[in-house]
Structure formats: C-alpha cells, structure tokens
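Student: For the sequence shown, numbering that gives the first Met the number 0 begins at 0 and goes up steadily by one.
Because the hints were derived from the structure by calculation, they are not lab data. Among the hints, erroneous ones may be present.
[To be verified] If you anchor each label on the Cβ, the simulated ranges turn out as follows: (1) VAL67 / GLU43: 44 to 50 Å; (2) GLU43 / LYS79: 50 to 56 Å; (3) GLU50 / LYS70: 27 to 33 Å; (4) ILE75 / ALA45: 42 to 48 Å; (5) HIS74 / GLU43: 44 to 50 Å; (6) VAL80 / LEU38: 40 to 46 Å; (7) HIS81 / ALA45: 52 to 58 Å.
Bear in mind that the values here come from a model prediction, so they are computed numbers and not experimental data. Glycine is no exception: its CB is placed at the ideal position from the N, C-alpha and C atoms.
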Amino acid sequence: MDSANVIPSAEPQIYRSSVPWKRRAVFIHPEDQYQRCVLSAEEEEAFEREEAALQFQLSQLRRMLSQVARKRRHHILKQKVHRRGLPFE
C-alpha cells in the first residue's frame, strides 16, 4: 500500500489508495505494526470472479492481436512477392 498517503496520528483513520484498482477504504489501527483490510467472503468471491473475467478478456485480446499481426505479416509478404512478379499462394 502507499504509505505516503497515510498520516500518522493517535486516532484510527481511513486510508484510500491513489491507485484506482486499489481504491478501497482500509481502516488503519495505530497500535498495530501493519495495516489490515478485512474482506467478507462475498467480496472475495466477487473479486475472484472479476479477476477471472478480466483474465479471460485479456486472453481474447491477445489472441485477436496475434491474428491481426499474422494477417499483417502475410499481407506484407504477399506484397513483396507480388512486386517481384512471383506467384503467391
């Protein structure tokens, strides 16, 4: 967590991260040596489902990008061969 955003004080305080995907209120206990964030089981499951969905989207985008790159390389090769007057399949 970003310790720069935490202001030391005797009172417990709310911490909010400047990183958008970490933007969750965390209760800071001054007497503790660490910062803790307790999530309910439902929140954990929701985060895991969201992460799985995002991983799937990422894999789909990578697949699409590789297809586009493959087609582009094929097109460039076809142009080079055509310029030389050779048949291309």
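Student: Determine for every hint whether it applies to the structure shown.
Tutor: To see whether the hints hold, each was checked on the structure:
| no. | hint | verdict |
| --- | --- | --- |
| 1 | VAL67 / GLU43: 44 to 50 Å | 36 Å, violated |
| 2 | GLU43 / LYS79: 50 to 56 Å | 54 Å, holds |
| 3 | GLU50 / LYS70: 27 to 33 Å | 31 Å, holds |
| 4 | ILE75 / ALA45: 42 to 48 Å | 45 Å, holds |
| 5 | HIS74 / GLU43: 44 to 50 Å | 47 Å, holds |
| 6 | VAL80 / LEU38: 40 to 46 Å | 58 Å, violated |
| 7 | HIS81 / ALA45: 52 to 58 Å | 54 Å, holds |
In terms of the numbered hints stated before, the structure departs from hints 1 and 6, listed from lowest to highest.
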